Structures are given as structure tokens and as C-alpha cells.
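One point on numbering: in the working numbering, the residue at position 40 of the sequence shown is 422, and numbering is uninterrupted.
Fair warning: there could be bad hints in the mix.
[Stated by the list, open to error] In the SDA-like style, the derived pairs of lysine to any residue whose C-alpha atoms are separated by at most 20 Å in a straight line are: (1) Lys536 to Glu417; (2) Lys536 to Thr410; (3) Lys545 to Leu420; (4) Lys536 to Leu408; (5) Lys536 to Ser407; (6) Lys545 to Arg455; (7) Lys412 to Ala541.
It is worth saying that the hints were derived from the structure and are not from the lab. These figures come from a predicted structure and were not determined experimentally.
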Amino acid sequence: MKTRNPMAALVVFTLISIPTRAQESLVTYKSFSPELALNLARAALADCQRRGYQVAVAVVDRFGVTQVMLRDRFAGPHTPATASGKAWTAASFRTNTTELNAISQPGMMQAGIRNLPGAVIIGGGLIVESSGSLVGAIGVSGAPGGDADDACAKAGINAIHDKLDF
Numbered sequence: 383m384k385t386r387n388p389m390a391a392l393v394v395f396t397l398i399s400i401p402t403r404a405q406e407s408l409v410t411y412k413s414f415s416p417e418l419a420l421n422l423a424r425a426a427l428a429d430c431q432r433r434g435y436q437v438a439v440a441v442v443d444r445f446g447v448t449q450v451m452l453r454d455r456f457a458g459p460h461t462p463a464t465a466s467g468k469a470w471t472a473a474s475f476r477t478n479t480t481e482l483n484a485i486s487q488p489g490m491m492q493a494g495i496r497n498l499p500g501a502v503i504i505g506g507g508l509i510v511e512s513s514g515s516l517v518g519a520i521g522v523s524g525a526p527g528g529d530a531d532d533a534c535a536k537a538g539i540n541a542i543h544d545k546l547d548f
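Produce the entire structure from the sequences given, and follow the hints as far as they go.
So, in C-alpha cells, the structure goes:
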């Protein structure tokens, strides 16, 4: 009967897994350039202006950090914070805020996310992806309803869509 040395097996396993661990130590991700983030915000703001809405627009990176904030001249004083909150929420949960609103109603399993500090779970926060990878999010606040905020945000994303495959 042969007995195997468990220490030898451990050494072999450790040596085999070292290259894998080294590769997992660094992560590569896509990020908005400042110019692209600004173009996204400007396009969303312009779309809302064409519709007659005075809004604020926030663009955040994939980590929820604000890259751009634009506020129209007569947008309400609450709109910059709300737009930022919508963008942060979409990026944090990797889900558009209209969808989060639908799945977090009272009595639903995800209802608790509505109580998280900083979460703004109303329409107007959309994720932005490039080749299936989260790049950031946009938040719009000030239009008459979340669906109108969503429409302006979508127009902004559509305006830069050709530049998202970087």
C-alpha cells in the first residue's frame, strides 16, 4: 500500500496556482474620457431643453464618482443632488433606476434598498455600457416625471453611442 505525501501535494498545488493569482491581481476596465462624459451630459441636457424641460444632468464613472454635473439655468435647486443620486444609484446597482423602482416596491425582496443612504430610486438614472461592460451612468432630474428624465438620458446615450465601442 502506497502513502502519498500531503506536503508534496500542497507544494505542487501552490506552484501551479501562482501564475493564476498573479493574473488576477490586476483588473482592466473601460472608463469615460472627460470629453466623452461631457458630451453625454450636454446631449442629454440639449434633449431636455428641446422638450422644454429645465433639468440637471450628472454623469458618473463605473464607481459612482461624479465626472460631470450640468444644471440648466432655471432647474430647481434640488435637481443637481437628485441627478447625482440617480446616476450613483444606477452605477452602484448596475441597473437603471426605473427598473430598480419596479423591483423594490414595499413587500418585495429588494424593498430594503430604498432605505440605503444616497440611493435615489426613481426614473432618470441609466447605466452606460460599452461592449457589455459598465462604463458609468447618467442621471437626469427636473423633467415632469421619471419617464421624461429617462428619455433625455437615453437621448444623451444615443448621441455618444458610436464612441462607446472604444
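Taking the hints in turn, this is what the structure says about them:
For the proposed pair Lys536 and Glu417, the alpha carbon gap of about 18 Å is at most 20 Å, so the pair holds. A distance of roughly 27 Å separates the Cα atoms of Lys536 and Thr410; the hinted pair therefore is violated under the 20 Å criterion. Note on Lys545 and Leu420: the hinted pairing holds, with a Cα-Cα distance of about 13 Å set against a maximum of 20 Å. At roughly 33 Å between alpha-carbon atoms, Lys536 and Leu408 are farther apart than 20 Å, so this suggested pair is violated.
With a C-alpha separation of about 35 Å, the suggested pairing of Lys536 with Ser407 is violated against the 20 Å cut-off. Taking the CA atoms of Lys545 and Arg455, the gap is about 29 Å. The hint is violated against a cut of 20 Å. Between Lys412 and Ala541, the direct Cα distance comes to roughly 19 Å. Compliance with the 20 Å bound is thereby established for this hinted pair.
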